[in-house]
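Trainee: Residue strings, one per chain:
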Amino acid sequence: MATWAVRALLALVVMTAIGVSYSVYKARQLTDESQRLQRQQTKLESEWSQLLLEHSTWGSYARVERLAREKLGMKLPKDDERVLIKP
Amino acid sequence: MTQARKTRQPNHRLRWRFVLAFWVVCACLLIGRAFDLQVLQHGFLAHQGDIRNLRTEPLAAHRGVIRDRDGRPLAVSTPVVTLWANPREAMEHQEQWQRLAGNPVIGLKEFASKVKRHKDREFIYLERGLAPKAAEKVLAEKIPGLYKLTEYRRYYPAGEVTSQVVGFTNIDDKGQEGIELAQDKKLAGHPGRKKVVRDLLGRVIQNIEVEKPARPGEDVTLSIDLRLQYLAYRSLLTAVQKFRAKGGSAVVVDAHTGEVLAMVNQPSYNPNNREDLDTSALRNRAVTDLFEPGSTMKPFTVAAALEMGMVTPTTTINTHPGSLRVGDKTIHDHRDYGVIDITTVLTKSSNVGASKLALAMDPMALPDYLERFGFGQSTAIHFPGESDGMLPLRSRWRDVERAALSYGYGLSVSTAQLAQAYAVIANDGVRLPLTLHKVNKVPQGEQVIGKQTSRELVTMLETVVSRVGTARRAKVPGYLVAGKTGTVHKVINGGYSKDHYIGLFAGLAPASDPRYVAVVVIDDPRSDAYYGGLVAAPAFSRIMSGVLRTLHVPPDKPDGMIASLDAEGDRS
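Line by line, the protein sequences are chains Z and V.
Positions 1 to 87 (the numbering used here) are the ones given, in order, by the first sequence.
Positions 1001 to 1572 (the numbering used here) are the ones given, in order, by the second sequence.
Hints are computed from structural coordinates only; laboratory data are not their basis.
Hints may be right or wrong, so weigh each one.
Capping the alpha-carbon separation at 16 Å, the derived lysine to aspartate or glutamate pairs in EDC-like fashion look like this [stated by the list, open to error]:
id, chain 1, residue 1, chain 2, residue 2
1, V, 1133, Z, 45
2, V, 1356, V, 1401
3, Z, 43, V, 1151
4, Z, 26, V, 1199
5, V, 1174, V, 1218
Could you build all of it, start to finish, from the sequences and the hints given here?
Mentor: In structure tokens form, the structure reads like this:
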């Protein structure tokens, strides 16, 4: 009886020991993954801010106006060129 | 054999004891050592172990973004890479430099000359503030002794158009001017720290604890509309250049909410490149610089007279002979307007008329009304360096002081204050706190003058922009515009200068249902033209027509200005 219990406990101890090392291994893997994702987030954030700047540089009103006037030959309609449509 | 056995017997026991003793000594040594390590030196060793594996890492936190009312970025923090080199280390691997040949960011020649010039140093900057992608091109070559450093830089996409309002930060990312300074607490990011365990390869394998959580800065949304800001900036710049003025400012306010839609100044500067910066360009003149408002103050004199029931818009007043002697000073009009009604006092900007109104009032009445319009107190925008303006509060008023006040001398105001006061007229007499931040819920205002009075004022001010008024150039095709010009002598060395002026125009539109207020101030125009109606009114017209068009305000005076559908049909 006693030896049986001891053996069973021993088996359990071994099993939990393996379980512990496995979960530690898993935890480290997940930590690494989360670190990687955090790094990616930082990278994406910095890319986002770069794109935001690029966007506002290309889309700056001064530039858009210049292109509209010079490249596309656009102009503000004169007063007598406008038509007012009443709803 | 027996001899051998005999000798072997004691030997056997001896050997046994010897071996036993050996093992006991070994065990003792081991236990002793273990005791030494586990107990005596535990603290030291555990610490050393932690040093090798445990790391405290910074958690980055960005500074918040400043945006305009529609979310367009006005100030953005972005990581930049600084490349630096250790020349001593680099000099040992000169054969590898070849890989930099033809590199678009740092070429071989540049690298070699910089490194060789400082070959005894251990740190030199190669290139600061590079975009990460550009830096990567250099780093990919893996030149020994070439390293990178990540820093943050603040960029201002709108550049000089928003410079004084947005302000800028210093190298430590602390706000120095403008909104960057005023809202520094909210914008600032607070970097945190965390403890981690790293393995042999430097990978983080366990997060121990976050010692201090990172708190990124909050975004700030301004009431500024970048489209109008750009428009106002360009119009002001044109006016300042055309009339060779020393400076100027313009403010556009939404009178229904108290929001500042545009606030621009000349001269300006590019906040992204502040190397040779003229410090006078730093000031947000619209809130820091004071001037005597001159004739733009007359509507408030008339407002007080209307409120007190002294006059109606059609009450007549005798301004003959075009001058009025008050105390030892004579007040002049441009010419003798004769007997005119109150509306014409504004239309023609009669100093005599305004003075007579003021002198007929109780001495404390006019200053009291001016105070209600917000003069002499800081506005609610809480801008760094804001001036309160000066509204004299005396117990005894001399007649000449009372008269001067009626046409805008003897007090000083800022462009923002003037805009705030005209917004009261535009908002049916309700004064709202001026703000640079986007308003979601319009605050409870203060009824300063009656709705009827403010309506009458608007109608009277419309005549100023008519053919007979002083500001024909302020008109906006298709819309009814109301406003008032002002031309004041600058105070130089404590006295009024004879040939230095400030030309201003304050106005509102659409006059049939006033909503937008714009004030333009042109400081010291050096051209022949200096009247507010000549230098400031055209800029006002350009700004206001842009505002009305951009914000989709339907024209309230379309006839004659805009082709009707029939006319279009006739032409085709």
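Trainee: Does each hint hold? Answer for all of them.
Mentor: Tested hints:
1. V:1133 x Z:45: It holds: about 14 Å lies between the C-alpha atoms, which stays within 16 Å.
2. V:1356 x V:1401: Given that 16 Å is the threshold and the Cα spacing comes to 12 Å, the pair holds.
3. Z:43 x V:1151: holds (14 Å)
4. Z:26 x V:1199: holds (15 Å)
5. V:1174 x V:1218: holds (14 Å)
In the structure shown, no violation is registered for any of the earlier numbered hints.
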